[in-house]
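Just so you know, the sequences run in chain order L and Z.
With the working numbering applied, the first sequence covers 1 to 177.
With the working numbering applied, the second sequence covers 178 to 349.
If you're looking for bench data, these hints aren't it; they were derived computationally from the structure.
There's no promise every hint is true.
[Unchecked claim] As a list, the in silico SDA-like pairs of lysine to any residue whose alpha-carbon atoms are at most 20 angstroms apart:
#1 K321/Z <-> R299/Z
#2 K335/Z <-> S166/L
#3 K245/Z <-> A177/L
#4 K169/L <-> L334/Z
#5 K245/Z <-> K179/Z
#6 K169/L <-> D269/Z
#7 K169/L <-> I268/Z
#8 K335/Z <-> K17/L
#9 K17/L <-> M171/L
#10 K335/Z <-> T175/L
#11 K179/Z <-> S207/Z
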Amino acid sequence: MWYARSYAIEKLLALKKAENAISVVTMSAVPAWHAGGGADTLHIDVACMGQAASIGLGVAMARPDKAVMVVDGDGSLLMELGVMAVVGHEFPDNYHHFLFVNHRYETTGGQPVVELDWSRVAMATGYNQIGAGIPRYLGFEGPGFYPLEIEAEAPAEWPSINLADSTEKFMRELTSA
Amino acid sequence: MKVVEPIDSEVMLQGVLAAGITHIVHVPDSCQARFLELARSSSAIEVVTAATEDQAIGINAGLILGGKRSMVSMQHTGLWASMNTIRGVAIDMRVPTFLLVGLYRRDVNKFLSEHDSVGLGRFIQLMDSVDYLRFHNMDTPIKKMDTYVPYWYEDCLKQRYPTALILGRAMV
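Could you put together the complete structure from these sequences and hints?
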């Protein structure tokens with residue numbers, strides 16, 4: 001099943017809202033996530049390519065009471081593929097890893113990524129749930145992995161973000177959440 | 178003539194415990210083998226093994242953002258390897274990042290600058306080149322490590338700059 005990015009993000013934002021989840025979002029999903037209001041609360045933008053899955057893992061381990069949604073890209077995750085093994089080892093049941101698979105490095109002009117069977121990688125590295133689409137709820141039966149085929153689009157401009165300020169805001173929010 | 182004195186792992190662990198550190202995210206380092214073994218045996222600390230130093234910095238960041246008191250342990254080659262993640266996570270996002278860094282294959286009879294390998298011989302220049310990265314060279318271990326580690330850790334949290342303690346040789 002192929003998703004338009006805007007539709008996939010609309011569905012994921014609804015999940016975040018319904019479960020008051022923490023979102024950790026990187027690369028090409030960031031502009032639409034902000035536009036949809038997903039960055040208003042309990043949200044981390046990751047501008048350091050490849051790091052969303054690791055940062056999300058740390059948050060999930062620190063706050064096992066909160067569902068954590070990592071919205072990643074195939075090009076990004078390929079840069080730190082080994083983190084999937086660490087997720088499988090640590091096995092946080094509140095960790096939900098959504099992978100936008102658009103088969104290319106969108107922000108650098110659409111060069112192709114190397115291809116692999118993401119579901120098999122997730123299975124081999126020990127994720128507990130592997131979904132074929134966007135689930136109806138998150139729950140605490142993770143770690144879950146959801147590879148989503150996303151239609152290629154022209155890259156959108158990132159919103160103006162002060163990463164240091166938004167990080168501090170997240171820490172303040174989470175203290176009281 | 179040895180120019181580097183070893184640090185006692187138990188004293189370092191006392192410092193880490195006094196700092197209230199709950200998590201050590203690491204990629205294996207021979208200089209810290211004894212220290213990590215002691216840390217694993219402590220019920221107050223959870224040791225998390227990452228596959229790369231970049232991941233260690235990311236996982237540590239998530240733990241810190243989630244309210245835990247975490248630190249990173251790695252060897253100096255990993256610090257060279259993870260400079261872009263330190264830039265992106267510890268400097269741009271300003272997530273407090275406290276690092277314990279061992280100098281792999283350092284000759285304890287030489288000053289660091291006397292090493293032919295770029296990784297060791299230019300290591301201090303690397304650290305100096307990043308204005309935001311604070312470091313303490315432990316060639317001469319300071320006394321009262323159990324006091325200084327908590328002080329440096331708190332300063333790292335407060336200032337939100339990366340801080341590295343550089344271990345001149347294997348801890349005993």
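Hints versus structure:
With a C-alpha separation of about 29 angstroms, the suggested pairing of K321/Z with R299/Z is violated against the 20 angstroms cut-off. Proposed proximity of K335/Z and S166/L is supported: the alpha carbons are some 17 angstroms apart, at most 20 angstroms. For the hint linking K245/Z to A177/L, the alpha-carbon distance of about 15 angstroms falls within 20 angstroms, and the restraint holds. For the given pair, K169/L sits about 15 angstroms from L334/Z by alpha-carbon distance, which is consistent with the 20 angstroms threshold.
Between K245/Z and K179/Z the alpha-carbon distance is near 38 angstroms, which puts this suggested pair outside the 20 angstroms criterion. For the hint pairing K169/L with D269/Z, the CA-to-CA distance comes to about 15 angstroms; that is within 20 angstroms, so the pair holds. Distance check on the hinted pair: K169/L and I268/Z sit about 16 angstroms apart at the alpha-carbon level, within 20 angstroms; holds. At most 20 angstroms may separate the alpha-carbon atoms for a hinted pair to count; K335/Z and K17/L exceed this at roughly 32 angstroms.
The suggested pairing of K17/L with M171/L holds, with an alpha-carbon distance near 19 angstroms, which does not exceed 20 angstroms. Restraint check: the Cα-Cα separation between K335/Z and T175/L comes to about 16 angstroms, which is no more than 20 angstroms; the hinted pair holds. Restraint check: the Cα-Cα separation between K179/Z and S207/Z comes to about 19 angstroms, which is no more than 20 angstroms; the hinted pair holds.
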